[in-house]
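Number of protein chains: 2
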Amino acid sequence: MQINTSLKTLDISYYQYTIQDNDLPFGIGITNFFGGPVIAKSLRQAFEAIVGPDHVMTAPEDLATYAYDAAPLESVLPQAVLMPESSEELGRIIKLCHENRLPITVRGAGTNLSGGTIPDADGVVILTALLNRILEVNETDMYAVVQPGVITAQLVTKVEAKGLFYPPDPGSQAVSTLGGNVMENAGGLRGLKYGVTRDYVMGLSFFDAMGNHIHTGSRTVKCATGYNITQLMVGSEGTLGVLDEIVLKLIPYPAHRKSIISMFKTIEDASETVAGIIAGRIVPATLEIMDQFTIRAVEAFSKAGLPVDAGALLLIEVDGHPAQVEEDAARVLDLCEKYGAYQTQTAENDAQREKIWAARRSALSALAKLKPTLVLEDATVPRSRIPDMVKGLGEIARKHGLDIGTFGHAGDGNLHPTILTDRRDKTEWLRVEKAIEDIFAHALSLGGTLSGEHGIGIAKSAFLENEIGRASVEFSKRLKRALDPSNILNPGKITGD
Amino acid sequence: MQINTSLKTLDISYYQYTIQDNDLPFGIGITNFFGGPVIAKSLRQAFEAIVGPDHVMTAPEDLATYAYDAAPLESVLPQAVLMPESSEELGRIIKLCHENRLPITVRGAGTNLSGGTIPDADGVVILTALLNRILEVNETDMYAVVQPGVITAQLVTKVEAKGLFYPPDPGSQAVSTLGGNVMENAGGLRGLKYGVTRDYVMGLSFFDAMGNHIHTGSRTVKCATGYNITQLMVGSEGTLGVLDEIVLKLIPYPAHRKSIISMFKTIEDASETVAGIIAGRIVPATLEIMDQFTIRAVEAFSKAGLPVDAGALLLIEVDGHPAQVEEDAARVLDLCEKYGAYQTQTAENDAQREKIWAARRSALSALAKLKPTLVLEDATVPRSRIPDMVKGLGEIARKHGLDIGTFGHAGDGNLHPTILTDRRDKTEWLRVEKAIEDIFAHALSLGGTLSGEHGIGIAKSAFLENEIGRASVEFSKRLKRALDPSNILNPGKITGD
Chain A
0 MQINTSLKTL DISYYQYTIQ DNDLPFGIGI TNFFGGPVIA KSLRQAFEAI VGPDHVMTAP
60 EDLATYAYDA APLESVLPQA VLMPESSEEL GRIIKLCHEN RLPITVRGAG TNLSGGTIPD
120 ADGVVILTAL LNRILEVNET DMYAVVQPGV ITAQLVTKVE AKGLFYPPDP GSQAVSTLGG
180 NVMENAGGLR GLKYGVTRDY VMGLSFFDAM GNHIHTGSRT VKCATGYNIT QLMVGSEGTL
240 GVLDEIVLKL IPYPAHRKSI ISMFKTIEDA SETVAGIIAG RIVPATLEIM DQFTIRAVEA
300 FSKAGLPVDA GALLLIEVDG HPAQVEEDAA RVLDLCEKYG AYQTQTAEND AQREKIWAAR
360 RSALSALAKL KPTLVLEDAT VPRSRIPDMV KGLGEIARKH GLDIGTFGHA GDGNLHPTIL
420 TDRRDKTEWL RVEKAIEDIF AHALSLGGTL SGEHGIGIAK SAFLENEIGR ASVEFSKRLK
480 RALDPSNILN PGKITGD
Chain B
0 MQINTSLKTL DISYYQYTIQ DNDLPFGIGI TNFFGGPVIA KSLRQAFEAI VGPDHVMTAP
60 EDLATYAYDA APLESVLPQA VLMPESSEEL GRIIKLCHEN RLPITVRGAG TNLSGGTIPD
120 ADGVVILTAL LNRILEVNET DMYAVVQPGV ITAQLVTKVE AKGLFYPPDP GSQAVSTLGG
180 NVMENAGGLR GLKYGVTRDY VMGLSFFDAM GNHIHTGSRT VKCATGYNIT QLMVGSEGTL
240 GVLDEIVLKL IPYPAHRKSI ISMFKTIEDA SETVAGIIAG RIVPATLEIM DQFTIRAVEA
300 FSKAGLPVDA GALLLIEVDG HPAQVEEDAA RVLDLCEKYG AYQTQTAEND AQREKIWAAR
360 RSALSALAKL KPTLVLEDAT VPRSRIPDMV KGLGEIARKH GLDIGTFGHA GDGNLHPTIL
420 TDRRDKTEWL RVEKAIEDIF AHALSLGGTL SGEHGIGIAK SAFLENEIGR ASVEFSKRLK
480 RALDPSNILN PGKITGD
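For the protein sequence lines, the chains are A and B, in the order given. Those letters in the first sequence? Residues 0 to 496, by numbering that gives the first Met the number 0. Those letters in the second sequence? Residues 0 to 496, by numbering that gives the first Met the number 0.
Wrong hints could be hidden among the right ones.
Subject to a maximum C-alpha distance of 20 Å in a straight line, what follows is the list of computed EDC-like cross-link-like pairs (lysine to aspartate or glutamate) [to be verified]:
1. 94/A <-> 473/B
2. 264/B <-> 298/B
3. 337/B <-> 271/B
4. 40/B <-> 53/B
5. 94/B <-> 198/A
6. 248/B <-> 198/A
7. 476/A <-> 47/B
8. 192/B <-> 198/A
9. 302/A <-> 353/A
10. 248/A <-> 198/B
11. 192/B <-> 138/A
If you anchor each label on the Cβ, the simulated ranges turn out as follows [what the hints assert, rightly or not]:
12. 308/A <-> 347/B: 26 to 32 Å
13. 87/B <-> 476/A: 21 to 27 Å
14. 368/B <-> 480/A: 25 to 31 Å
15. 337/A <-> 132/B: 35 to 41 Å
Source of the hints: derived by calculation from the structure; they are not laboratory data. For each residue, glycine too, the CB sits at the ideal point set by N, CA and C.
Please take these sequences and the hints and turn them into a complete structure.
Set out below in structure tokens:
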């Protein structure tokens with residue numbers, strides 16, 4: 000049995016590149032593929048006793064479906080795929096895995112871009128698809144309680160109907176799950192003003208590696224009770240526990256918003272404008288950049304009417320009190336002009352506004368159409384260093400003879416340099432790997448970080464020490480060993496053990 | 000040698016109750032007091048080799064000065080008090096303590112209200128007084144880098160001069176240190192709109208229990224690199240590491256603000272008004288409540304012209320864009336009237352505004368004048384349950400025949416029920432202990448938490464399991480044991496080991 004949360008069965012443009020590019024995911028050997036499940040019959044029966052036979056999948060096509068995620072990495076077939084329907088079933092699964100030392104990889108929608116949901120060959124995948132209830136939306140105290148499998152956009156829609164706002168908006172929000180968002184500390188377009196997922200997680204309940212049920216945090220705005228295990232879990236990529244309930248902070252929906260599109264001859268001008276807006280102490284809800292390469296790909300894909308001759312675009316939204324919005328918008332327009340925009344337009348209505356953001360949201364899918372393999376990076380720098388980062392990316396592309404499209408959340412220093420390549424071309428792939436190393440090194444040299452919002456996963460674990468140092472990696476390993484002594488929780492992610 | 004950060008030597012009204020009430024701190028036995036230091040000579044010399052003889056204190060009067068904090072708990076004399084002047088000295092101290100299994104309690108200003116800075120009898124106190132430099136204020140990227148001994152108010156003043164805002168404002172901010180604020184996850188009056196200390200900590204560097212130097216977090220707005228050790232450290236009360244550098248997020252200073260004082264016949268009416276303002280989706284910067292008992296104490300102390308016949312006051316500040324401020328203020332005035340305020344005044348100028356907030360800030364000192372011992376609690380409930388909490392506190396006071404003044408941050412559900420007593424009266428003290436237990440139980444029954452902002456320390460560690468459960472306490476202990484295997488970092492705090 001398959002369920003509609005795999006990359007394969009979702010018909011959403013965001014993922015088309017993955018599906019188109021690989022008829023079969025990387026690394027699935029013929030032997031494995033036709034050899035059938037190797038999980039012991041007794042173990043399979045024990046899982047079936049917990050979740051029912053329909054919710055234990057071991058058929059080759061099912062295992063293949065959950066062997067990879069949105070990162071361009073080798074696939075790994077798990078032993079079985081499990082779909083618990085309740086916290087109680089989830090807890091029993093974890094206990095059984097603990098007793099049998101079976102590695103566990105929990106998977107929401109598999110939109111992970113750093114390999115965090117690629118399973119262990121000896122382990123199981125737990126799908127959260129059936130743990131998908133919004134348990135409470137508390138309008139007075141402004142929080143929601145959800146199960147991990149709730150789709151991000153579903154919560155957003157539900158709380159908006161009550162005049163409330165859940166700001167984190169990862170690009171994958173139409174399909175990504177809140178459990179995945181929490182475990183990856185997902186970002187999005189609104190990080191600049193509203194922060195990221197971690198800023199909205201008030202409390203959690205989860206099962207630890209032994210199957211103990213842990214409750215952390217609170218439904219109160221303030222909480223100084225005990226260790227901040229809630230925030231330790233956020234961004235831990237499934238390596239410290241398995242979520243079954245999440246308490247999320249909500250805020251009042253902004254009264255007003257205004258979207259602006261500004262066109263520049265060069266990406267340098269656009270990035271100087273970003274620095275100018277930040278220096279002007281304006282805090283837009285969103286401040287996105289798109290280079291010419293990306294503009295042309297998006298326009299070919301979406302026919303949104305983007306200016307294909309522009310060297311770069313800024314897409315800006317300000318929100319809040321109407322008077323504040325008008326003032327901020329006017330100042331943004333002035334700054335765009337001052338820094339060399341040759342044209343700036345304000346969306347006059349919701350349809351125009353929606354058109355701007357639909358174009359932005361299609362950037363990844365559009366780029367993915369151009370070549371078989373897409374590598375989406377998210378190295379991030381202090382906001383004022385955006386011009387330096389943009390310049391560096393151009394040099395790295397030239398040095399390695401690669402196509403690198405650049406777009407992303409310029410307002411919070413979080414660019415998405417996107418390398419278009421074909422992984423089957425071994426020579427070019429080596430150059431891609433060198434370019435990725437150069438991107439990381441350049442971001443770190445500017446006081447930045449390896450990952451703004453995609454996490455470390457498998458993809459960046461070898462680079463972790465470059466940023467945080469040997470002692471901090473050792474500290475992290477000690478933490479992981481203490482909380483998961485048998486190393487069954489999503490092994491190999493973050494610290495690469 | 001003594002330095003000006005001890006409770007004894009500071010002439011600040013906030014602490015007068017501690018100083019007045021106890022000629023000698025609790026629990027200092029005559030034998031210890033005159034017995035002199037018992038620290039081994041070789042160890043003393045080793046510390047002197049690191050920080051110099053002037054920065055190692057072992058005289059009885061020095062040990063006594065750092066034997067207690069602002070919580071009404073038994074004092075404990077440490078073996079020595081050390082004052083490092085640099086990160087390097089700090090790291091060498093930690094290594095020496097590690098090698099000798101010497102417990103370490105780090106102390107900022109000792110304003111802790113849960114016993115978090117009460118040392119171990121076998122250990123040393125490390126003062127952060129000389130680690131007091133603001134290392135960087137980055138105006139463009141809006142962050143500050145500070146050493147842990149910087150006084151909170153000094154940073155606030157420094158960044159305000161640059162048009163920037165560091166919002167966390169614990170009541171003790173005039174003397175408290177940022178290192179202490181981080182380790183206690185200090186709250187304050189602005190939690191409702193602006194959050195608490197943890198919401199402003201972007202990165203840290205610290206020494207772990209073995210003296211390894213650990214770097215976490217980033218200077219970027221977004222960071223999804225590795226475990227969220229930064230936030231694990233926030234609120235860990237000195238039990239997981241010793242800070243030497245803190246990166247704090249800053250935001251633009253609010254353009255405008257308006258303060259309102261509203262008078263009610265009963266505290267029930269005032270607390271219903273709080274719930275009404277929250278339900279109206281208004282987010283004031285500050286929304287404080289004060290009962291009649293507290294009003295009268297404050298007026299006797301401060302002569303601020305407060306209405307001593309009012310059953311309760313609300314003190315409200317709205318800030319932001321001027322148009323937003325005017326609208327919010329008008330809506331707040333309407334709501335106060337609707338819920339039964341008999342008089343509401345808006346501060347017409349800075350002097351009037353300052354008068355309101357000076358009165359509020361003197362509440363603790365004013366109450367402390369009334370009786371020898373003051374117990375300040377901070378059990379916190381979801382915002383909408385404030386009326387239920389206020390009602391419960393009245394019942395608890397009557398049941399145990401105690402004076403309980405109530406004031407605090409009603410807008411974020413964080414009340415400060417304050418019990419006035421005399422700890423030398425054993426019979427009454429037993430009733431006080433029962434009342435504290437009832438306050439905790441009532442807050443938890445309303446979906447609240449033991450501590451909104453004061454931490455667990457020693458004072459509440461016995462109650463921790465009531466809130467988070469046995470499994471979560473065990474999880475916390477595993478974490479602590481892994482990161483501090485010899486249990487030398489502020490032993491006994493939080494989990495009570």
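Worksheet item: What hint numbers does the structure not satisfy?
Response: Of the numbered hints, 5, 7, 12, 14 do not hold.
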